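*Asks:* Those protein sequence lines, which keep their order, are chains A and B. If you count by my numbering, then the first sequence holds residues 5 to 871, one letter each, in order. If you count by my numbering, then the second sequence holds residues 12 to 158, one letter each, in order.
No lab work stands behind these hints: they were computed from the structure. Warning: the hint list may mix true and false statements.
[Unchecked claim] Quick partial rundown of chain B residues pointing at chain A, CB under 10 Å, derived from the structure:
(1) Thr45
(2) Glu49
(3) Tyr74
(4) Pro75
(5) Gly76
(6) Glu95
(7) Leu101
(8) Gln102
[As the list claims (entries may be wrong)] Where chain A lies over chain B, by a calculated footprint (3+ residues, C-beta under 8 Å):
(9) 55-68
(10) 151-157
These figures come from a predicted structure and were not determined experimentally. Backbone N, C-alpha and C fix where the C-beta goes; we use that ideal spot for every residue, glycine too.
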Amino acid sequence: MASKRLNPLYLAGIAAFAVLGLLLITGRIGSARKQNGILARWESQVLPKTAPARASINGRLPAAGGGGICLRDQDNLTALREEARRLEEEQAGEPIRGFWRHLDLSKLPRAQAAFLSKHGEWVQQADVDYRDCADVPCILNRLYGSTSGVEGLKAYLWYLRMGYAISTTVNIPQLKPISGMSYRDYHFSDKELSGFWLLSRTLSPPFRNIQTLQSFHRLPKRAYLPDSPRACGKAHLRGGRGWIVLMDKCLTLSEVSDPFKNSPLHLSVSHEISHSYDFAGLLSGPMLSDTEAWKKLSGWTIEEGADPATGKAFRRWKIDSTPDAEGPKDGFVQDYAGTDPGEDWAETVAYFRYEAATALSKSPRKSAFIAARLFGGRTFDESGLNAAYIQAAAGETKAGLPDLVDRCIVSPTDAGASPSRGQAVALKLDIPVEAPFLSCLQRGLAEKIDLALSRLRETEAEACEILNLRADGLRNDVAQALLPELTQIVSRQGSVAERIRAVAKLRERLSASETDPREQALRCFGSESPQTCFSSVREKLFDETVVELALEIGEELPAEKQRFLKEYDYVRAQGELVRLYEQIFAGIEPKLDAAADKRWQACRLATSDAGASPALSPFSGGSRFVSAAILNCINGAVNEDLARVRDRFAGRLGISVTDPDAQAFSLAQLAPRYLRRLSEALAREAAQEDQDRALRESATIGPMAAALASDLTWLGDPACLQRARTLLDSALSANPVPTRFLALEDLREDWAAKACQRALKSPEVARKAWESALSGLEAEVLASAVEEASSCRAQSPKNTSTQRKQRKDCLTRSATWKRIEATALAQWGSSELGRRFASRQEEARRHLEKSRGSLQSSAVAQMEAGG
Amino acid sequence: MKILLLAALVLAFSSGCQREARLVSTRQVVPGKTSITELTDQRGPPLRAAPLESRPGAETLSYPGNETFQAEQGKIVAHWRDPEPGEATLQYWRHRWKGQNPRYEEIAGTRDAHGNAEFLLRDSSSQTAVVYDPRRDRVLRVLRYGQ
Numbered sequence: 005m006a007s008k009r010l011n012p013l014y015l016a017g018i019a020a021f022a023v024l025g026l027l028l029i030t031g032r033i034g035s036a037r038k039q040n041g042i043l044a045r046w047e048s049q050v051l052p053k054t055a056p057a058r059a060s061i062n063g064r065l066p067a068a069g070g071g072g073i074c075l076r077d078q079d080n081l082t083a084l085r086e087e088a089r090r091l092e093e094e095q096a097g098e099p100i101r102g103f104w105r106h107l108d109l110s111k112l113p114r115a116q117a118a119f120l121s122k123h124g125e126w127v128q129q130a131d132v133d134y135r136d137c138a139d140v141p142c143i144l145n146r147l148y149g150s151t152s153g154v155e156g157l158k159a160y161l162w163y164l165r166m167g168y169a170i171s172t173t174v175n176i177p178q179l180k181p182i183s184g185m186s187y188r189d190y191h192f193s194d195k196e197l198s199g200f201w202l203l204s205r206t207l208s209p210p211f212r213n214i215q216t217l218q219s220f221h222r223l224p225k226r227a228y229l230p231d232s233p234r235a236c237g238k239a240h241l242r243g244g245r246g247w248i249v250l251m252d253k254c255l256t257l258s259e260v261s262d263p264f265k266n267s268p269l270h271l272s273v274s275h276e277i278s279h280s281y282d283f284a285g286l287l288s289g290p291m292l293s294d295t296e297a298w299k300k301l302s303g304w305t306i307e308e309g310a311d312p313a314t315g316k317a318f319r320r321w322k323i324d325s326t327p328d329a330e331g332p333k334d335g336f337v338q339d340y341a342g343t344d345p346g347e348d349w350a351e352t353v354a355y356f357r358y359e360a361a362t363a364l365s366k367s368p369r370k371s372a373f374i375a376a377r378l379f380g381g382r383t384f385d386e387s388g389l390n391a392a393y394i395q396a397a398a399g400e401t402k403a404g405l406p407d408l409v410d411r412c413i414v415s416p417t418d419a420g421a422s423p424s425r426g427q428a429v430a431l432k433l434d435i436p437v438e439a440p441f442l443s444c445l446q447r448g449l450a451e452k453i454d455l456a457l458s459r460l461r462e463t464e465a466e467a468c469e470i471l472n473l474r475a476d477g478l479r480n481d482v483a484q485a486l487l488p489e490l491t492q493i494v495s496r497q498g499s500v501a502e503r504i505r506a507v508a509k510l511r512e513r514l515s516a517s518e519t520d521p522r523e524q525a526l527r528c529f530g531s532e533s534p535q536t537c538f539s540s541v542r543e544k545l546f547d548e549t550v551v552e553l554a555l556e557i558g559e560e561l562p563a564e565k566q567r568f569l570k571e572y573d574y575v576r577a578q579g580e581l582v583r584l585y586e587q588i589f590a591g592i593e594p595k596l597d598a599a600a601d602k603r604w605q606a607c608r609l610a611t612s613d614a615g616a617s618p619a620l621s622p623f624s625g626g627s628r629f630v631s632a633a634i635l636n637c638i639n640g641a642v643n644e645d646l647a648r649v650r651d652r653f654a655g656r657l658g659i660s661v662t663d664p665d666a667q668a669f670s671l672a673q674l675a676p677r678y679l680r681r682l683s684e685a686l687a688r689e690a691a692q693e694d695q696d697r698a699l700r701e702s703a704t705i706g707p708m709a710a711a712l713a714s715d716l717t718w719l720g721d722p723a724c725l726q727r728a729r730t731l732l733d734s735a736l737s738a739n740p741v742p743t744r745f746l747a748l749e750d751l752r753e754d755w756a757a758k759a760c761q762r763a764l765k766s767p768e769v770a771r772k773a774w775e776s777a778l779s780g781l782e783a784e785v786l787a788s789a790v791e792e793a794s795s796c797r798a799q800s801p802k803n804t805s806t807q808r809k810q811r812k813d814c815l816t817r818s819a820t821w822k823r824i825e826a827t828a829l830a831q832w833g834s835s836e837l838g839r840r841f842a843s844r845q846e847e848a849r850r851h852l853e854k855s856r857g858s859l860q861s862s863a864v865a866q867m868e869a870g871g
Numbered sequence: 012m013k014i015l016l017l018a019a020l021v022l023a024f025s026s027g028c029q030r031e032a033r034l035v036s037t038r039q040v041v042p043g044k045t046s047i048t049e050l051t052d053q054r055g056p057p058l059r060a061a062p063l064e065s066r067p068g069a070e071t072l073s074y075p076g077n078e079t080f081q082a083e084q085g086k087i088v089a090h091w092r093d094p095e096p097g098e099a100t101l102q103y104w105r106h107r108w109k110g111q112n113p114r115y116e117e118i119a120g121t122r123d124a125h126g127n128a129e130f131l132l133r134d135s136s137s138q139t140a141v142v143y144d145p146r147r148d149r150v151l152r153v154l155r156y157g158q
């Protein structure tokens, strides 16, 4: 059979697709796209040494060629150093200028300089001398007091891979250092750092470089968060800055062989990072956990209601478990996940990755959502891992099949060295082939599969566990997965070559067009629905590019389109875009802070816009009142400030940001830091103004209350507030009170009300007010008597002395009069005066008893006069 | 060209009318005054009606556009809606209610495990309140109420 196929045309075809296959494997065609578009241009200018990340299963970077050493066994100094070196190389680029303590940043590897520039505050410690350290791992090891040199390296690797700092100081945002505790008490232990290292190798790319997460902190043993004493970890976000605090219970590592099983560290830390990922949604819309797409999976709805008398509102989450069109609603992986959609998200993600079986059985719909969103569609239960390994190994091996077939056709006995491990794979082609050829394929395939599986051992935390149990089974499964492809290659010869050539041409064309996904994400940034925009741009690009090749590609076309569309979604592309910006603009933070400080100084005393409408974006001023003058001053200059800082910084790197989309995106990236700095300045100054005003308050209200008490003409009249406002206006015009962070109108109302309250408490005013209230009560009695009087008059209408007496008796009869008094008391009790003296109702009633005679006389006189 | 201009005018006029119609229909529902019957006459039947578990005797009527009405004893007593684009910052309401001394208070039961809570800025003079999420620096809901 084989000899019949050995003709020149066939060999030429084989050679052609072998070359093309190799091009596809090595990514030389794919890498072309990095050379087009402004982003790629900047990248090559600023980060010239950056190598494109080699994709592997789940998008993780492959390990440093550990020769099949299990991932978990790479936690040693040599391997960690090699890993750091490689990651530093990938993050190399233009030097960052400036100094951090004694270190000239421009002389450090770029990643180290970026780390110190961005996270230097978390490695400061006054009483540790690290002047002789020339790099970051040395500084960190000195702080950890490490003898092995691994602690600092692991903390640094966490930054290199994930983009976050692990703090070594006692400082934690918004927490005071605990007295008696040394900075060492705030350090993660070596074992805990190993947990972090393993996490960094098991979490997928979306968990890296989250914009709303900057640092990790540990509380000393047995310490807890004052506002959440039962929590063992907490993700925070304040003013665009994010950090995670962890405590003992969240940091326990499992002792059993499976590193994840029942390991609180992995569950807790991934739970908290998932919160930070969720928070990042706030930068451009709702949090992911607040989207309908997520909430509907469990049936989360919010119940909102109000007390219509006061407007006091209540809102609470509840579950509507009615099945929807897609089936029954999911349950929860843990009771705690049922707290709210945010906890549901964080807990389900953690379980999905580290307790997969539970997540898949209790929350299948949410698991599918998370798999697609964060893990490229894969799952981590045993069958999911098996499937992923088969797919990954088959994917890697598949690319080399044309070459293998070619070699086995040319020289069936030589091609393929002996399988490195044991047996050749079992392979049964459905087409007749000669035994040496088949044997060659089996050996060659086994070699390639073993290589792919060996790579999995190095990069996948669970791979060794599974491969140790069923390596042969997995090898055969991979071979089976490749069988159709292999059969096709062997049987279809030239036509396969044609198809592969067409696919390669398509990929090349897609690469040659403007297809850098980051570029597409940039174009869609700011559109109403960036995800939809991004998908349709990529779909259109594919459809336009494929037109001429569609026939040649044939049945592979839908799969090729899917591959192209699935390669990048907006979230991933935007993440890479953000990462690129962060790399380019690493070290810009101090410039942004300086610009914000300068702007605050220029605007903090602005007063010229009194009465103007406030500009509320991008600086809203937060939850407290900020004068329109300050807001307008700041918002009129924000974009100009940011553009100036950006352009100066970029200019020094030799790039200019002129593209409108790039300008808009860069401003959006740089704004949070600048705005946060402004918010911090505002909070400080507003607190100072509050203090100043508190001092002025009693000094102003006291004399006002005294003035109100000395002139009681306002009593019994709601004019107290009016009079108090007049008094306040003259006090303020003589000695103005600062009202940059409180509306003057609110201050007037507040202080006038307080002056009235205080005046009413003075004994003289209190007596007069009580007398006035009693007069009001008597007036109510006479008002209530009018109605009864008309009824009495109707019974005895004549103006004779007998009927006058009958009318008087009717009105003053005990039952009637008690009714009149009761009505009057009720009316009075609901009036403003009555409410003020609510505690003296009994006294008021006794007053009516005492005055009954005179009140009855007045009521009778009133009745007779009315008649 | 003339046709284009005409089309643009028609479009602008029609969209303006739609907007006005929405405002009028919302304006006609006055918490404390409008009955459930009047509401359904104006707005049609609700998408969903459900008892308000936290307030016995009350029910919520949900309408498209994330609008809900709270009804008690046959009367609409509260109307919830999303803020219009210009109303989404708390600062807008702070300035709008200058001199009314609006109350700013945490909404009970909304504090989550991360210490984040929602707040209510409430102006009793206009019987309006807004739900504010400090973490997002955004007004989530606008509430009008009345007995």
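*Asks:* State for each hint whether it applies.
*Replies:* Consistency of the hints with the structure:
no., hint, in the structure
1, Thr45, "violated (12 Å)"
2, Glu49, "violated (16 Å)"
3, Tyr74, "violated (14 Å)"
4, Pro75, "violated (14 Å)"
5, Gly76, "violated (14 Å)"
6, Glu95, "violated (13 Å)"
7, Leu101, "holds (5 Å)"
8, Gln102, "holds (5 Å)"
9, 55-68, "holds (count 4)"
10, 151-157, "holds (count 4)"
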